[in-house]
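Relying on the hints, combine the two individually framed chains into one complex.
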Amino acid sequence: MTAYRYDGTFAGFLTCVWDALECGIEPVEFLLPDGGAALWETREPATDRGKAKRLYTALAKRVSPAFQKLIARGFLTCLPQKELDLLVLIRRGLAEGDRVRLDLSNPVMARVNLALTKMWTEWDHLKGFVRFSDLDGALVGEIEPKNRVLPLLASHFAARYSGERLALYDRTHHEVFLSDRGRWKLLPAEDFRMGPAGAQERAFRAMWRNYYQTIAIEGRLNPKCQSTHMPKRYRHVMTEFLTDEELETGLPGRSAAGSLGDGRGNKRTP
Amino acid sequence: MDVMEKLTILADAAKYDAACTSSGVTRGGRAGTIGTASNSGCCHTFSADGRCVSLLKVLYTNCCCYDCAYCVNRRSNDVPRTAFTPRELAELAIQFYRRNYIEGLFLSSAVLKSPDYTTERMIETLRLLRTEYAFNGYIHAKAIPGADPGLTYELGLLADRLSVNIELPSESSLRLLAPDKSRASIFKPMAQIRDGAAQSKAELKLYRHAPRFAPAGQSTQMIVGATPESDRHILTLTEGLYKKYRLKRVFYSAYMPVSDHKNLPAPAHFKPPLLREHRLYQADWLLRFYGFTAQEILDDSHPNFDAALDPKSDWALRHPEFFPVEVNRADYEAILRVPGIGMRGAERIVAARRYGPLSFEGLKRLGVVMKRAQYFITCGGRMLPGLRCSPDSVYRRLTGLEQGLLGSGESWQQLSLFEQGAG
Ligand code: SF4
Ligand code: SF4
Numbered sequence: 632m633t634a635y636r637y638d639g640t641f642a643g644f645l646t647c648v649w650d651a652l653e654c655g656i657e658p659v660e661f662l663l664p665d666g667g668a669a670l671w672e673t674r675e676p677a678t679d680r681g682k683a684k685r686l687y688t689a690l691a692k693r694v695s696p697a698f699q700k701l702i703a704r705g706f707l708t709c710l711p712q713k714e715l716d717l718l719v720l721i722r723r724g725l726a727e728g729d730r731v732r733l734d735l736s737n738p739v740m741a742r743v744n745l746a747l748t749k750m751w752t753e754w755d756h757l758k759g760f761v762r763f764s765d766l767d768g769a770l771v772g773e774i775e776p777k778n779r780v781l782p783l784l785a786s787h788f789a790a791r792y793s794g795e796r797l798a799l800y801d802r803t804h805h806e807v808f809l810s811d812r813g814r815w816k817l818l819p820a821e822d823f824r825m826g827p828a829g830a831q832e833r834a835f836r837a838m839w840r841n842y843y844q845t846i847a848i849e850g851r852l853n854p855k856c857q858s859t860h861m862p863k864r865y866r867h868v869m870t871e872f873l874t875d876e877e878l879e880t881g882l883p884g885r886s887a888a889g890s891l892g893d894g895r896g897n898k899r900t901p
Numbered sequence: 025m026d027v028m029e030k031l032t033i034l035a036d037a038a039k040y041d042a043a044c045t046s047s048g049v050t051r052g053g054r055a056g057t058i059g060t061a062s063n064s065g066c067c068h069t070f071s072a073d074g075r076c077v078s079l080l081k082v083l084y085t086n087c088c089c090y091d092c093a094y095c096v097n098r099r100s101n102d103v104p105r106t107a108f109t110p111r112e113l114a115e116l117a118i119q120f121y122r123r124n125y126i127e128g129l130f131l132s133s134a135v136l137k138s139p140d141y142t143t144e145r146m147i148e149t150l151r152l153l154r155t156e157y158a159f160n161g162y163i164h165a166k167a168i169p170g171a172d173p174g175l176t177y178e179l180g181l182l183a184d185r186l187s188v189n190i191e192l193p194s195e196s197s198l199r200l201l202a203p204d205k206s207r208a209s210i211f212k213p214m215a216q217i218r219d220g221a222a223q224s225k226a227e228l229k230l231y232r233h234a235p236r237f238a239p240a241g242q243s244t245q246m247i248v249g250a251t252p253e254s255d256r257h258i259l260t261l262t263e264g265l266y267k268k269y270r271l272k273r274v275f276y277s278a279y280m281p282v283s284d285h286k287n288l289p290a291p292a293h294f295k296p297p298l299l300r301e302h303r304l305y306q307a308d309w310l311l312r313f314y315g316f317t318a319q320e321i322l323d324d325s326h327p328n329f330d331a332a333l334d335p336k337s338d339w340a341l342r343h344p345e346f347f348p349v350e351v352n353r354a355d356y357e358a359i360l361r362v363p364g365i366g367m368r369g370a371e372r373i374v375a376a377r378r379y380g381p382l383s384f385e386g387l388k389r390l391g392v393v394m395k396r397a398q399y400f401i402t403c404g405g406r407m408l409p410g411l412r413c414s415p416d417s418v419y420r421r422l423t424g425l426e427q428g429l430l431g432s433g434e435s436w437q438q439l440s441l442f443e444q445g446a447g
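Going down the list, the sequences are from chains A and B.
The first sequence begins at 632 in the working numbering and counts up by one.
The second sequence begins at 25 in the working numbering and counts up by one.
Here chain B stands alone, though its shape is the one from the complex (with noise of 0.2 Å):
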């Protein structure tokens, strides 16, 4: 089989993860190296389903010994199988990174043999990589369950970022679905590279040379809709794993209908949840960046997104209390938290009312978007003038707004938006 099929083949195999980001890690250009990394990441194309493409994200292999019912790769799934050779994958990298194609690479596996022999053909590329081709831009390595905590780490030590996939989002659901996977098997490493990433940190304060391991962090993710968790119970995982396993991030993957396993939603008539997906992003952005706790957003008396409004006014709404904000003299963690205003213009907000008071004209010059805003903020103690609203009359305008950014009907299932583009 050539190099063309089998990049075929893989790819196709690697494509249903969701974790696309080259960020995490800034370094320079070095002389006799080839390549940089960038901390905020770097998008290189888009593909037709509107995703980022920023790595190039393979399969070692797809031969698996494992039968994970909610994967194309699994054993008993009829579809052809092939491998790389380290070379021939080092290789296509080198070439594709030289063109400006990608940003570096993302290397998966399926398990080949076993966990530990499968981690020993992605050191081996790597080192190829890192060593011969001299290689100094981004890579992203998969941690395979199970494997031995050795090999474990010297994948981290060739590469930027390391991920292990949770996969199902409760232990009952893994259980029944991937009968070779264990929370436990996940969670191990998952708590090795935690530590061995802030080990590694110590020691690089101590002296320059020290080995760096997974400078860019962890990531994981998980599928969406193909057991029954709520929204809530995904939200509260992801805030634990953000805490208790300093993740960098948590990806979430609408469940494609891969399979007829009984246990899975039947494919002839399943929507991807790709809606949901979208509000577990914006929520995961809320926990990230804006302050607030799962709690805050999902509680037991509102368990799920209302699918008609974003996370961020969902919340303003249930919170009346909280508002208006005057935005000459609110801190910048209380403007954030208006609906409408993001992360930016909160901050454009509060370094233009230190030149003098802000007016609703000056704001929207400022580049804040009114069209949310107006509902939640004062101006010198005033409501924008002329605005007339009731709560209710506000839900339904918001929700018009969704609607309108959405589209109706089959396109409103159809979003799949990648939040602001950031890594």
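Same shape as in the complex, but just chain A (with noise of 0.2 Å):
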């Protein structure tokens, strides 16, 4: 039985699939470099961005652009061994063609999709619920996504916003999207702080947890409903469940956002 280990880009695993395909293995596990020891024999093909650019193409064009994007998407999910998964697809993407995508009711392709909607659902939300504050005219926020939707969310805010300075965090994947006036680029970065804000930031998000706050209806409170399309995780990034200093130091974590309970979280004291 075999192991690969690899460096956790997108070009790293096409390697491994390279090797995967070329020499007949079918591995049982995919590690990461820090990935603890693995139990079976390990095989760490370095990463080759030629092969791995060859294979892509090869996606599209042996099956087909649909099946490649796909394979590129799938691959951004957190389903936990995605990369078995993945392979799986590509070995019959590749023998049988574009027909594979069609055979919804298998496994590996039920279990793909389904983590692929997941995947898109919280791509969906975070574009309304990331926040961002204005510190000295650049657009700064933080999210804390299961996915790795930061590449998508990218595109998004570079369009919307694309007369402005924008940075955003991503916890979870210790990656920045930095974008000035249209251009942006993806940079890996280990730690994050926003820092204080002015007066005037403060003064706008102060307005804003008012009007969330006034917009609830007495009559028909409803915190059940309203967790079902706002799960809780998101919260702690969000302006109108903060105080500044919550905000600022990045700090209530998902204990606090958890505790919100009644979804009126600047009532709190900090």
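Among the hints, a few may not be true.
Ranges between beta-carbon positions, derived for each pair [stated by the list, open to error]:
hint	chain 1	residue 1	chain 2	residue 2	range
1	B	Thr109	A	Arg680	49 to 59 Å
2	A	Gly681	B	Gly52	32 to 42 Å
3	A	Thr748	B	Lys267	25 to 35 Å
4	B	Lys268	A	Thr748	56 to 66 Å
5	A	Ser786	B	Glu385	21 to 31 Å
What the hints contain is simulated information worked out from the structure, not anything from laboratory work.
Keep in mind the model is a prediction, meaning the values are calculated, not measured.
The C-beta atom is built at its ideal place from N, Cα and C for all residues, glycine as well.
This is the structure we're talking about:
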């Protein structure tokens, strides 16, 4: 039995796939550099961008562009051992052609599709739930997503705020999106703190919190319905549920956001 | 009065309007402007009552010269009054938008001095936003009944969506409770918006720079439970609005007891009919996406919703001749009629069976939830193995499922689901 260890990048993964196809290997596990010791023999092909690119192109040419997209997007999901499932699909795609995408009731395909649906839901949520603060003219925000949605959010926000400078930090995947008037890039970043805001920024936050409280209709209060639509895990980066201090130090964390209970977070004292 | 106080008053006064969508138009980013719009809309937060918040929803002013009995802003009500200036409101909207608090602006207003004067102030606000602030995001504006058509047209050139509220489901209720409004004053602008949007669409096909009039179409809302109309009456009215006026959405708002007017339910013991509102949204969904007609959902012998059952299951139980549906052969439209199977489920079934025949196991893996569907489908000619049922027991089980969803007693009344969260 064989495991693969790679650097966590898409190119690295495709290099492993290349190796597996070439040598007829059916791995039982994929590991990251810090992923602990494997119980089995481990192959570690060095990431080869050239091979990765050729394989990536082949997915579109020999299967279909939609299939290529399925694999690329699937790689951004947080599905455990997604690499194994994607490898299975690539094998089948190259053998059977694009028809494989119709096999929706196949367990592997169903699992990948479910993971993708969840990722798109998270992406859709975050397009709305991301909050920026104006810090010296730049718009700065943080997210803590399950899936690696930052690359997908990047183009959305770069287009929306094409005249602004933006920074959006992904706490889960330690990655930051930077945009300067429409030109943008993604960079790895270990740590990130928002820092204190000026009086004007605080005033707009206060108005937003105030607006948020005002619009709830007393006769219809319904926290259960509220959290079905907006799971609590998002709240610890959302201005309306946080004090200025929590927002700026990034400290509320999951547990604090979980205890907001009635959804009127800013009534709490810090 | 500072902007914070104005915002509180004017958001509070606007919050009973149920429309919240930012849907219906797609616009990419453009250099030199701020903002984009996406056809499916985008929710930015959910308020404590579980309703989505997409747009900054405020009145331009709550000073009203009319006296509609069901409305908090009516002339005779004693509440603090204020108005934004166009500059204040434009600045607020832009600053909220930059921080991604909102998807755009929903601007409505009470009638300050006259419909024309009010509309002019709204136009000025939107013009500031669109030109000076180069705002390219979503704007929903409320057309004021009785305003000059020329002004309404100007408003529609600046907004993505226009709406005129029907307010109450019948002329007689309107006469009783909104003496300053008539059915004609509501339907006239509605027809104007329909025709203006159609004309603009046709012109855009000929030349690219033709003016865009309300590209996201129009919507309306009505108050449910303040007056005696049946569910059937309301649903038939809705169907007509979709067909005749080509509305994009009809919203329903359970009446909140804001007044002790003699023609309205007494506030003391009145519970807003939230469950009824929910059933209306479910039925509305069936009209728009599932190919049902109002007549199929409710008729003379059956003029009101079954409180204990969703309208789709209700229809299914009254039409045993339609079932079971064979998932491996039935067409998309027939599969859509199966309780518990939604649009995405039906699409997946139709796609997946092109690969090979589907089993019950396979259906589950597709993500089809069997709780309701199991009573109404076959897979390769067979019902779900081990399933035993009679019409009575199916009714009991389906209503049991609803009870589980809705909770019991008080919380049963508390329900306020905005169906499926799609604009
Ligand atoms: S819940 Fe639906 S209607 Fe409300 S903003 Fe979101 S998409 Fe629009
Ligand atoms: S005109 Fe509008 S704001 Fe004025 S009382 Fe009637 S419904 Fe209320």
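Hints versus structure:
1. Thr109/B - Arg680/A: 49 to 59 Å: 57 Å, holds
2. Gly681/A - Gly52/B: 32 to 42 Å: 34 Å, holds
3. Thr748/A - Lys267/B: 25 to 35 Å: Given a distance of about 33 Å, which is inside 25 to 35 Å, the answer is holds.
4. Lys268/B - Thr748/A: 56 to 66 Å: 37 Å, violated
5. Ser786/A - Glu385/B: 21 to 31 Å: 39 Å, violated
In terms of the numbered hints stated before, the structure departs from hints 4 and 5, listed from lowest to highest.
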